[in-house]
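*Asks:* Here are the chains, one letter per residue:
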Amino acid sequence: MYQTLRQIARIGIRTEAAPAPAADDVVAKRLQQEILRTLGRALAIRHVDAGSCNACELEAHALMNPYYNIEGLGIRFVASPRHADALLVTGPVTRHMAIALRRTYDATPEPKLVIAAGECACGRGIFDANYAAMGAVDKVIPVDVVIPGCPPSPTALLQGILAAITAAAAPG
Amino acid sequence: MNVAPLGLAAAPLAAGVPAQRAQVSSGQLLTACRLAWEEDGRLVALWGSDETDRQRGFCVRVAVEDRDGLTVLEHTLPDADARYPDLTPIFPAANRMQRATYDLLGIAAEGDDQRPWAWMASWPIDRFPLQRGFDATSQWEPGQEEYEFVKVEGDGVHEIPVGPVHAGIIEPGHFRFQVVGEKVLRLEERLCYTHKGIEKRFEGLQLLEGGRLAGRVSGDSTVAYAWAYAQAVECIAGLVPPRRATWLRALCLERERLANHVGDLGALGNDAGFAFGLAQFSRLREDVQRMNARAFGHRMLMDVVVPGGVAHDLALEHVNEMHDEADRIARQVAALRGIYDEHAGLQDRFRNCGRVTPELATKLGLVGLAGRASGQARDLRCDFPSAPYDALNVRMAVATSGDVAARVDVRFDEALESTRLIAAITAALLDPDAAGDIRLAPRELPSDRLALGYIEGWRGPVLVALESGPDGTIRRCRPQDPSWVSWPVIEHAVIGNIVPDFPLINKSFNLSYSGQDL
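In the order they appear, the protein sequences are chains E and Z. Here the numbering used here is used: the first residue of the first sequence is 1, the next is one more, and so on. Here the numbering used here is used: the first residue of the second sequence is 173, the next is one more, and so on.
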């Protein structure tokens with residue numbers, strides 16, 4: 001126990017600001033304000049891998065490391081679509097996953113946002129529409145925001161989430 | 173493997189490790205596999221290709237690895253109605269490979285289990301994507317299959333279906349548990365949800381552009397795949413990559429290993445309720461990835477290894493930074509290991525959980541880090557060291573208890589060894605001998621050549637079997653992830669454990685869905 005506490009004390013708080021470029025800090029603050037303004041509460045995201053190569057998943061995981069500390073911004077990845085405000089979908093949507101993705105979308109309560117993350121999900125990836133893949137998320141469910149990148153960096157993911165919330169808050 | 177006693181003539185095969193190929197009849201295929209098994213050989217891959225455009229029917233290829241290297245047994249079927257022998261009595265891991273080969277190519281093995289594997293009602297069951305006449309852009313509406321899971325019957329037995337969409341940031345797959353109370357009687361996996369047609373996608377691509385796709389078969393192993401693919405192209409082209417490029421490739425491969433091991437060590441702590449572990453290790457992983465981005469322009473090192481060498485050289489300042497970083501991370505990993513080892517709650521969850529005995533591991537052909545945690549002392553970096561590993565003297569990590577604790581131990585050992593290797597490689601890069609070109613262009617890319625790339629990724633050995641077509645194109649490319657043979661082992665590892673331990677057991681292996689679904 002002593003060693004654990006010592007390690008915690010020694011490493012300290014590494015949450016962004018210090019090591020990150022200035023842009024990150026701005027994004028984080030705006031994001032927090034937008035979430036509160038739009039939703040009046042925390043943002044719950046359900047991730048659906050619709051056939052990615054798992055690189056996008058690793059970068060989404062990185063959002064939870066102490067540098068990005070996404071939970072500190074009021075954003076949580078949740079375990080069920082029924083708890084979610086937004087879906088974060090990766091991969092070119094394999095035909096084998098198309099029905100599961102559609103059902104996940106249907107199970108998410110309105111109002112809901114869909115963020116397509118990564119080149120494949122945006123339809124710009126190496127996997128075109130073919131016998132096994134639909135080719136993009138918007139071929140299956142409506143998409144609010146796309147985040148390019150192969151894979152998108154955690155910063156790009158944060159910026160995309162911000163864009164989605166801002167779009168949702170826009171009048172009309 | 174010496175195939176001469178079987179009356180077979182073996183021809184040398186261009187590969188990253190010693191390799192040979194031999195034409196076999198169906199009887200010889202069985203005898204050769206049995207001989208390989210008796211001599212401690214493992215099934216690495218089983219795949220097929222359509223040779224009807226050459227009037228040669230279909231070809232089934234079986235790659236086995238033993239102490240001498242790789243042997244590819246090639247068996248020709250006159251047409252799609254002919255069957256080849258069922259290899260599962262010798263190599264249980266052949267089961268899913270045989271079923272997937274049928275779904276994609278239309279040639280079946282003898283044997284009882286003819287359930288689909290890669291097919292899930294998304295294309296007509298009588299159409300086979302890897303046949304030459306199949307148009308890859310054909311599209312059908314996704315359907316739903318009725319998969320026949322094996323059921324356990326008895327008082328109080330019930331079924332828990334999980335997936336394909338999982339409760340976390342994880343790849344999709346379906347797990348069907350048969351349980352009594354909390355105890356797992358049986359687990360059956362249903363994978364292939366991420367099947368996106370990778371093998372078909374390779375066909376017709378240029379040999380020199382296929383590396384980008386190879387690096388996206390399983391994103392967490394992008395360096396291993398890109399290197400294995402590059403190795404295969406270089407074997408076809410008869411090209412030896414420059415020495416500096418091999419140093420840089422090994423540097424990337426060890427950084428990939430380090431990043432994945434520390435990431436998973438954190439996740440394993442978290443899955444056992446020790447969030448501290450996740451916070452600490454995910455920070456280290458991020459440090460490694462940020463350094464990757466600074467030095468190579470990509471956080472996961474995608475597209476750095478290319479046929480002929482590497483795409484980016486490493487600046488002197490980054491060589492020095494990585495050298496210092498290796499030492500800093502090694503000290504932190506060692507300190508965290510002390511905390512993990514002393515944590516009674518963690519050890520209680522890790523020990524005796526998800527045990528795969530060395531005997532079972534041998535029987536099922538378990539490979540890679542999970543294999544080494546179950547006494548299977550094999551590591552391509554030690555067994556068949558190619559440049560620059562011939563100069564690095566890698567220390568293999570082995571444990572024998574085969575439980576989650578053993579897989580954690582092997583990961584700690586390997587993460588620390590990778591930091592040592594990174595320090596050694598960065599030191600070597602400063603040597604004037606390691607200066608020079610980082611990439612050579614192939615002079616020619618001859619048609620109709622088969623070559624193998626074989627690289628020890630962080631999860632285990634990654635094979636790329638590549639066949640060239642005319643004008644520098646790919647005729648056929650089969651990437652083979654170690655997950656193919658390791659996934660079925662998880663079904664055994666969980667028997668008798670409680671359901672809540674499954675995520676921990678699964679994470680301790682951390683197999684690739686995308687790599688096996690293709």
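Treat the hints as calculated values from the structure; they're not laboratory data. Yeah, the Cβ is synthetic: ideal placement off N, Cα and C, and Gly gets one too. A couple of the hints might just be wrong.
Below, a list of computed lysine to aspartate or glutamate pairs in the DMTMM-like style, where the Cα atoms sit at most 25 Å apart [as the list claims (entries may be wrong)]:
(1) E:K139 <-> Z:E313
(2) Z:K323 <-> Z:D609
(3) E:K139 <-> E:D128
(4) E:K139 <-> Z:E663
(5) E:K139 <-> E:D106
(6) Z:K679 <-> E:E71
Derived DEER-like restraints, expressed as beta-carbon distance ranges [to be verified]:
(7) E:R10 <-> Z:K323: 28 to 38 Å
(8) Z:L532 <-> E:S80: 31 to 41 Å
(9) E:R10 <-> Z:D513: 36 to 46 Å
(10) E:R6 <-> Z:F321: 30 to 40 Å
(11) Z:L488 <-> E:R82: 47 to 57 Å
(12) Z:P250 <-> E:R82: 46 to 56 Å
*Asks:* Against this structure, judge whether each hint is valid.
*Replies:* Status of each hint after checking the structure:
Our distance criterion of 25 Å between C-alpha atoms is met by K139 of chain E and E313 of chain Z, whose separation comes to about 12 Å. Under the criterion of a C-alpha separation no larger than 25 Å, the hint pairing K323 of chain Z with D609 of chain Z is inconsistent with the structure, at around 59 Å. Distance hint between K139 of chain E and D128 of chain E is fulfilled; the C-alpha atoms sit about 12 Å from each other, no more than 25 Å. A C-alpha spacing of about 35 Å is found between K139 of chain E and E663 of chain Z, which places the hinted pair above 25 Å, so the restraint is violated.
The suggested pairing of K139 of chain E with D106 of chain E holds, with an alpha-carbon distance near 15 Å, which does not exceed 25 Å. Only pairs whose Cα atoms come within 25 Å are accepted, and K679 of chain Z paired with E71 of chain E is accepted, the gap being roughly 22 Å. With their beta carbons about 53 Å apart, R10 of chain E and K323 of chain Z fall outside the hinted range of 28 to 38 Å. At roughly 36 Å, the beta carbons of L532 of chain Z and S80 of chain E sit within the given window of 31 to 41 Å.
Evaluation of the 36 to 46 Å hint for R10 of chain E and D513 of chain Z yields a failure: the beta carbon distance comes to about 18 Å. Between R6 of chain E and F321 of chain Z the C-beta distance comes to about 49 Å, which lies outside the given range of 30 to 40 Å. Take L488 of chain Z and R82 of chain E: their Cβ atoms lie about 54 Å apart, and the range 47 to 57 Å holds. For the hinted restraint 46 to 56 Å between P250 of chain Z and R82 of chain E, the CB-CB distance of approximately 55 Å keeps it satisfied.
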